[in-house]
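S.K.: Residue numbers (the working numbering), protein chains in the order written: chain A, 6 to 632; chain B, 940 to 1203; chain C, 33 to 427.
Bear in mind the hints are in silico, worked out from the structure with no lab data behind them.
Every residue, glycine too, gets a C-beta built ideally from N, C-alpha and C.
Treat the hints with care, as some may be off.
[What the hints assert, rightly or not] Distance windows between CB atoms, simulated:
#: 1; chain 1: B; residue 1: Pro1066; chain 2: C; residue 2: Ala121; range: 49 to 59 Å
#: 2; chain 1: C; residue 1: Asp293; chain 2: B; residue 2: Ser984; range: 38 to 48 Å
#: 3; chain 1: C; residue 1: Gly151; chain 2: A; residue 2: Ala458; range: 52 to 62 Å
#: 4; chain 1: A; residue 1: Ala458; chain 2: B; residue 2: Glu1006; range: 20 to 30 Å
#: 5; chain 1: A; residue 1: Val55; chain 2: B; residue 2: Ser984; range: 56 to 66 Å
#: 6; chain 1: B; residue 1: Pro1076; chain 2: C; residue 2: Leu281; range: 20 to 30 Å
[Claimed, not checked] With a straight-line cut-off of 30 Å between C-alpha atoms, the simulated DSS-like cross-links for lysine-lysine are:
#: 7; chain 1: A; residue 1: Lys356; chain 2: C; residue 2: Lys247
#: 8; chain 1: B; residue 1: Lys1077; chain 2: C; residue 2: Lys247
#: 9; chain 1: B; residue 1: Lys1077; chain 2: A; residue 2: Lys356
#: 10; chain 1: A; residue 1: Lys541; chain 2: A; residue 2: Lys512
#: 11; chain 1: B; residue 1: Lys1019; chain 2: B; residue 2: Lys941
[Said to hold, decoys possible] Stretch by stretch, here's where chain C covers chain B in the computed footprint (C-beta under 8 Å, at least three residues):
#: 12; stretch: 965 to 973
#: 13; stretch: 1026 to 1035
#: 14; stretch: 1067 to 1076
#: 15; stretch: 1176 to 1185
#: 16; stretch: 1189 to 1195
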Amino acid sequence: MTYALPVLVFVMVALATAQALRRAAWWRQGAAAEVAWGPGLLALPRRYLVDVHHVVARDAYASRMHAVVAGGLIVATVLAGLAILPSLGGSRLYWAIVALAFGVTAAGSLLVGARRYPAKPRRLSGGRFQILPFLLLAYALGGLAGALLLALGAASTPALIAALALSGVGGLGLAYEVRRGPMRHAVAGALHLVAHPRPGRFRSRLDTALAPLDLDAARLGAETPADFTWNRLLSYDSCIQCGRCETACPAFAAGQPLNPKRLIQDLVAGMTADEPPYAGSPYPNAREVDPPAAPLARLIGPDARIHPDTLWACTTCRACVEECPMMIEHVDAIVSLRRNETMEFARPPEKAADILSDLRGAGEPGGRALSARTDFAAGLDLPVISARGEADVLLWLGEGAYDLRYGRTLRALVRLMRDAGVDFAVLGAEERDTGDLARRLGDEATYQQLARANVETLGRYRFGRIVTADPHALHALRNEYRVFGGEWTVVHHTALLLELIEAGRLKPGVLGGLSVTYHDPCYLGRYNGETEAPRKVLDLIGASRVEMARSGRRSMCCGGGGGAPISDVAGDRRIPDIRMGQAIETGAAVVAVACPTCTAMLEGVTGVRPDVKDIAELLLASMELGA
Amino acid sequence: MKIVVLLSAGAHPVSSAPVLPRLEAQALRLALALGETTGLHAGPSAAPAADALGHGLGLLTHLATREGDDPIPALVAALKAETPDLVLAGRRGQGGEETGLAPYAVAAALGVTIVADAVALAPGAAPGSLVVEQALPKGARRRLVVRLPALVTVHPGAPAPGAYAYGVARRGRVDTIWGVAGSAAEPNPIAVEERPYRPRPKLMRSAPGTGSAAERLAAATGGMASSGANVLVQPTPDEAARAILEHLRRIGVLAPAVANKPAA
Amino acid sequence: MTRVRRDPRADRRAAQIASLDRPRFDLAGRAADGGPGRPRRNPRTEFAALRVTGAARPRFDRQHRGEGAVAQVVSAASTPNVIVVDAPAFLVAVVPDAPGGRLTQHDRQLFGAARTLAGAHGAVAALVAGEIEGLGAIGADRVAALASTQNYAPDVTAAALASAFAALSPRHLLFPETPDGGDLARRLALLTGEPLFPDVEQLSATSVSRAARGKRVAQRAAPARLMTLGADVVAPYSGPAREGRSEPLPTAEVSAPAITDARRIPADPATTPLTVADFVVSAGNGVTDIEAFRRLAEALGATPGASRVLCDAGLMPRASQVGASGSVLTATCYLALGVAGAPQHLQGVAGCEHVVAVNTDLHAAMIERAGLAIVQDAQLVMPALIAALESERAS
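In isolation and in its complexed conformation, chain A is listed as follows (with noise of 0.2 Å):
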């Protein structure tokens, strides 16, 4: 009987591998993906236990419990499956040690089982991850009194069945589960950390621009769950449901029809026919869709698995990509599925047609003549760089410019400049729209012709680097243009103010007693990693800084990015209201801004609230404080 827990073992495996092969097969179906197998491979345990650890510690019941009973699980088996070996198997004090291991894990499975019982918190998943803990627990009680009667030599065989019956039924359980249930995590998980679509983001590293889209592709954008690439349904496989996704999207927590663990389960549920029902969070307020019952069918659709409106819901933050423990990239996954809705079906959101029409007409989504860009610095005389051919500081303006509200910030930020003796030029009326809107309403054609067009105009001139105060146009210009050609040092406008007045450039006044929390806008923040310069300046303008209950790379959304103000989808509350709102709870007097998206978004809450203000705005009130 020494034998028979071993053997378990090796079924176990078996059972695992060969679900794990059937569920393969469906990843095949997706399209071809260059992997870079050997180096992934390699960096798998790095990016394992620092990065995907890195995430996970963010929830410290969670990262205990899993590295409590995710390692009594593999080392238990592991050390079950080696008493193969007669040398070993025939050692009480090896069982001993495989009996301790599988201790470890049945209390993992008891604080798996705690999280779920009695009550589970809203955001997990239940039905099939409700049965994990008890076979989990199964597999490893029966484990431990198999291992512990061995270990004890009381080879009472009535008993060592019953164990090894009760361990059987939790093993093979959880090995059955690789294919459709909980467990699928573990093996695709691991599989995706090798194959990983975008592998620059690992080691603490960003990598969060939008792959270009192939013009000349036979379809564009993802219609089927197929035309995605295999290792991207392997990601979409690894999803745990652990829901942090939807505790951090922003359209979710405003109720509208988006929930990101519910997009991700149904790509999956796209692809096969006899995925388990899911059993989470719902799209809140999501109208009633018709999904087809056949497998890899189209995705969006009134009569389709996803309705338009969850798709347009998205304002792009990248927060649920932020918060996965398993690295799925949910954005691109928007992205792909609004390329092919608004290029290959023309079902951009309603309002969404004519601002994409006046960026391919006029290079401006308002459909506003270029030269006005510059109004808003009616006489404060700004160098155009045509009339120059280089300069030292390009300043980028951005479609904030043509806002009445922001067009103060940018008045304040040139005034700066400009008392800093910044040799700094526009390019006028040359400078076009980034196409970050249209591309993040999928319209691709459109960014890319806008993309050329500024990249051309750009390498025309010669200068150090470009500033801006749009965080989207800054994450275009420095990471999006790359592949078009354009290679630039871009920078912020707040972290150029703070290296100002590092440099003794700007003497700042201090604002006593100013309290102010800082807002990081997503395209900043998230995708570029700079949080620290804004808060900085804040500090040198001896503002009493207070931070708002999500900031830094972990904050919360203006609801502006994405198109989600054009595509406006309906919910139970405005996103801006929800972040004005953590504002207010700071007790803060200024909502300290650094991008012309979120001032608007923040400007437009109603009622009774701090008030808005740029960086620069304030660094200027400062400055005239202190002359």
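Could you slot chains B and C onto chain A? The hints should help.
M.R.: Relative to the frame of chain A, chains B and C by itself:
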């Protein structure tokens, strides 16, 4: 129903970049909802009109003409050969002379009925007829039944154009053939002198045409003697209601009250 | 402006009395009336002639003194304020829209334009189908009746106009640049082969101009024979009434209309898109009783709109949102109830001619924008308005 949409080379109202005029994109939307549609463009290049493919047009026939040629003879000849049931066009061009005469010229040359300013189209009850809803000022409509063939121009109040889609445009096709050579476009029969456009102040419609200069000035600046001050601070609700109704009647948006109204 | 300019030297010469030895002058003009001196004016009789008859208290029309001086125009003795042009040098014809027999403001402006073109020697002729009251009062010297069509038949009307055009041979024919007027003008241009100068934006007796190429250029020309006039370009004719004498027209051949049926569908304020609605009543944060608001909109015959806050709260549909991110209005009147007037909202009403605001806050931006501002709770004013409208209806 065989439909041909006349497409022109428009200019973007702000940037002057060549684009498909919005009205023609709207015409295309009405046409595609109604039946089998092709596009027809006469001009030196198909590029500006080819945007229509992205709005769902399957086939664009491009009648190549020389730069500066009058496109109307080429359009008329092609339409005579094609004999469509319905020809759609925008009510005005965009970026050219913008006189709105071209559809009338085409209709006159073809000898078909022309109906202006459609906002909705539907097949008529009788075969060979079309129900056209025309836009009238201030949201009113007029529903007509028209015998086909006909040429219908489209009003800006028609449903907004569908989105341009790159993928859809890839699926469309442009056939270029030589158009009937027309004479060079006639120079404007009215001798005009051109100068940069300057917006002009509009007439104040509220200002009455009669009355003394002082009265007209008072009317134009809103300081009507009868209402005294134009801000009422904390009136009773009834006073407020009376003031509002009186004001609405004076500016003519509310029908006058029945004659013997109780004296206020 | 209208004063005759004096040449003092000439005056002096004129006052010289023939004399042999040295120059003598009669500077006081004492010579009898009709003598060599300046014409003498009697201000009292002139003033009396300006008196408007029928008014309860004395009223004087001092504005149009110039009109009476035109040589061939004689005031009819019985009705001193009707101007009669007996033998006009030419005609300026006008085709007013007059939907349902009622003249619009645009039609009146058309007569103003025609008067400008007719000057002192021409006559303004109205070409109208059916009976229209008061054409003389708005400036028609002649009225020619076109064959009236039962139904909407622009092709038939255009044919009738073409024959009238041939018969009267006016120097100018003016249409309003409206859907119907613009349509007729273009039909007529094709029927007669006469070039059309459409959508006139500026008009004087000697030149007209219009915008072209996406409002990039202004084209200026001498007044063309066929023109359409944009709205609010010329002030309506405001002089004394004119004769409105009926002018006979040869009957035109009537062909079978191609439009077999036409039915006018009046605008339903409840469903009219906000962007074209004429009268919009809009609710903001100060309105909590949406039901009362809807009833008020219906009672006023106005299209209901709303501020962003109400649309966000789901109280009003998103399509009714007024403002930069909603609909930008072209309404004649905007009645704002409890709307504070955020900048984005004000952008949406920038094109409205009249704004009436009801708001509790005297310093609200909307109060500042309004032509009539009521500082009062919209919730109290709404029922009062409904009650006032209902009592009017009942009486």
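S.K.: Going through the earlier hints one by one, which of them does the structure break, listed in rising order?
M.R.: 12
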